Amino acid sequence: MSTHPVLVNTGHGLIGAIITEPDGNPRRAAAILFEGREGRRSGVNQVWTLTARELAGMGVTVLRLDYPGWGDSWAVPPGIPPGLPMREVIAWFRERVGDVDLLFIGACFGSRLAAAVATEVPNVVGLALVNPYVRIPPSKKFTARARRAVTRLAGRSPRERFDRSLKDVFRGAFRTVPSLAIVADGDGRTPAFMTMQRTLREEGVPLEVQTFSGAGNRTLGGQREGRERVVAWARSRLHELSPR
Amino acid sequence: MQEWASASTWTGDGLRREVTFFPSGRDEIYASLYAAEPPRLPVGVVVCPSWGHDVMEQLELTHRLAHAIAARGGAGLAYHPPGHADSGGRFEEATFERLAEAARDALALAVSSVPEVAWEFGGVDLGAAVAVLAAARNGRILPLVEPALDPAAHLGVLERAARRAALGRVDPEPTVFGYPLTRRIRSSAAALDVAGALESFGGRVAAFRHRLPERPPLPERVETHVVPGEWRRPVHATNVEALVTGFGHWVAAAVAAA
Chain W
1 MSTHPVLVNT
11 GHGLIGAIIT
21 EPDGNPRRAA
31 AILFEGREGR
41 RSGVNQVWTL
51 TARELAGMGV
61 TVLRLDYPGW
71 GDSWAVPPGI
81 PPGLPMREVI
91 AWFRERVGDV
101 DLLFIGACFG
111 SRLAAAVATE
121 VPNVVGLALV
131 NPYVRIPPSK
141 KFTARARRAV
151 TRLAGRSPRE
161 RFDRSLKDVF
171 RGAFRTVPSL
181 AIVADGDGRT
191 PAFMTMQRTL
201 REEGVPLEVQ
211 TFSGAGNRTL
221 GGQREGRERV
231 VAWARSRLHE
241 LSPR
Chain D
1 MQEWASASTW
11 TGDGLRREVT
21 FFPSGRDEIY
31 ASLYAAEPPR
41 LPVGVVVCPS
51 WGHDVMEQLE
61 LTHRLAHAIA
71 ARGGAGLAYH
81 PPGHADSGGR
91 FEEATFERLA
101 EAARDALALA
111 VSSVPEVAWE
121 FGGVDLGAAV
131 AVLAAARNGR
141 ILPLVEPALD
151 PAAHLGVLER
161 AARRAALGRV
171 DPEPTVFGYP
181 LTRRIRSSAA
191 ALDVAGALES
201 FGGRVAAFRH
211 RLPERPPLPE
221 RVETHVVPGE
231 WRRPVHATNV
241 EALVTGFGHW
251 VAAAVAAA
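Order-wise, the sequence lines are chains W and D.
Mapping to the working numbering: the first sequence position 244 is 244, numbers consecutive.
Mapping to the working numbering: the second sequence position 189 is 189, numbers consecutive.
No lab work stands behind these hints: they were computed from the structure.
In this text the structure is predicted, and so the values were computed from the model without any measurement.
Built from N, CA and C at the ideal position, the CB exists for glycine as well.
Heads up, a few of these hints could be off.
As the list claims (entries may be wrong) - Now the in silico label distances, taken between C-beta atoms and shown as ranges:
| hint | chain 1 | residue 1 | chain 2 | residue 2 | range |
| --- | --- | --- | --- | --- | --- |
| 1 | W | P77 | D | P38 | 23 to 29 angstroms |
| 2 | D | H236 | W | K141 | 15 to 21 angstroms |
| 3 | W | F142 | D | P38 | 48 to 54 angstroms |
I would like the entire structure built from these sequences, with the hints used as guidance.
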C-alpha cells in the first residue's frame, strides 16, 4: 500500500486530497470518501485514514478529499458551491483510475455531496453514509441549547427536523445506487435522518440502515463501529460484484 | 505512481505549493509547504500544530500562518503530528518529546525544500510548547499563536471542556473530543520544563493572542501582542484574521530588523 498527497487545481482553487493505493495491479475498485464541512478528510482520530488503509488492503484505490474551504483547501473562496470543485476532483480521479467500479462513502455533511454526485458519475456501485447530517442546523441560542441538554440528560433524543430540500437528492441516490446508512442511536444527527428515512420508506425507496448503540465519532467506540462497518460493507459489495 | 506524484506540487501567482510525506522515526509525516516563488524574504517558519482534537480544529489556522509568511516573500510549512490526521504513527504513542522530534524532522524537510531561507519554528496552542522544545537554544525568532505553555494544565482544561460537551456520553477511558487522553501524554506533559526551555532560547519570542478570554500574562521575555476578539471553539468562529496578519507582519519585521 502507498499513500500519495495531491493538490488538484480546479477552476475554483486548489483542493487537497490523499490517494491510498493498493500494492499491485490491476485495481479491484476505487472509492471516494467525502467528509463534511468542518470535518477533515482524515476524520476524527484518523478514522478515515485507517479506513482508507483497510480498503487499500482489499485492492481498492481510495480518494479522501477536503471539503472546499477546509484543510489544504482553505483558500477556496467562500460562496463557491462545494459541489463545483469537488466534481472536478472526482473527474480528475476518474481519469486516472479508469473505468473501475466506484464506491462512495459520505460522512456527516459529506453525505449530502456523496448522494448528490452518486447519480451523476458512471459505475457507482455502492453508497455508504455514516451518521449523515440531514437535519436543520440546531439553534445556538442559549435556551435552545439548554433544552437539548436537559432532554439528553433525561435519556431522550432531542426532536430534530430534517431539511426537506434534501429529500429529492437522497431519494434519487437510494433508487439508483445500492445504499447503506450507518448510524449511531445516540448521535444528535440520527433522529432527523431516521425521520427522513421513514418518509422515503413509505414511498418504497430502498435503503438498508444499520444502527449501532452509542454516540457517533466523538467516542472511540463510535469511530471503531463506523470504520468496521464501512469496511465490511465494502468487502461485501466487492464480493457480490466479482467474487474471488 | 507517476500519475499521483505529478500532482503533489503546484506553482502559480508567485506561490509554490507542495504536499508530501517525510520520514520521522518509524513514521511517515504529512507536510504542506508554502513558498514564495522566487523567495524575497529570507525566512521560513515551520508551524508546529497542537495535539489531539485541536490539531483538526486549528488546521486551517496553521495553513494560513504558513501562507502568511510565503505571501510576504518567505516560506511556511504546516504538518500533521505523528498519529494525527494524514500522518502515520499511533496516536496513543504521542509524547511531547516525540512531537518535538517530529517538528525537528519537519524543519529538516523545510530546509531541503527551500534552502534559500533561514527556517525558524513557530507554534499554535500546545504546538507553541512543542516549538519551544524543538527550537531549544537555536533560532533568531519564535512566533507563537495563542500559546499554551503549561501543557499539563492545558490538558486538564481540555479534559474538563470535553466532559462538559459530552453531557455524559463518554468513553470508558478518558478522551478529549474523540481522542484518547493517554497516561503517556499526561506524564510527558507533567515532566516538561517549557518555561526553562523558553528562558534559554537565544532569539526573540512573540505571542499573538486574543483579548478574550482573560488569561494570566505570559513570561516577561515574550513580546505579547493582543488582538481584538475572542479565542473560542470552534476556531473558525473566532477572528483568526487578526492573528494571521499580526504573525506575518511581526515575522517579516523581526527578520528585517535582525
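>> Taking the Cβ atom of P77 (chain W) and the Cβ atom of P38 (chain D), is their distance within the range 23 to 29 angstroms?
In response: holds (26 angstroms)
> At the C-beta level, are H236 (chain D) and K141 (chain W) separated by a distance inside 15 to 21 angstroms?
Replying inline: holds (20 angstroms)
> Is it true that F142 (chain W) and P38 (chain D) lie within 48 to 54 angstroms of each other by Cβ?
Replying inline: For P38 (chain D) against F142 (chain W), whose Cβ atoms are near 52 angstroms apart, the range 48 to 54 angstroms holds.
In terms of the numbered hints stated before, the structure departs from none.
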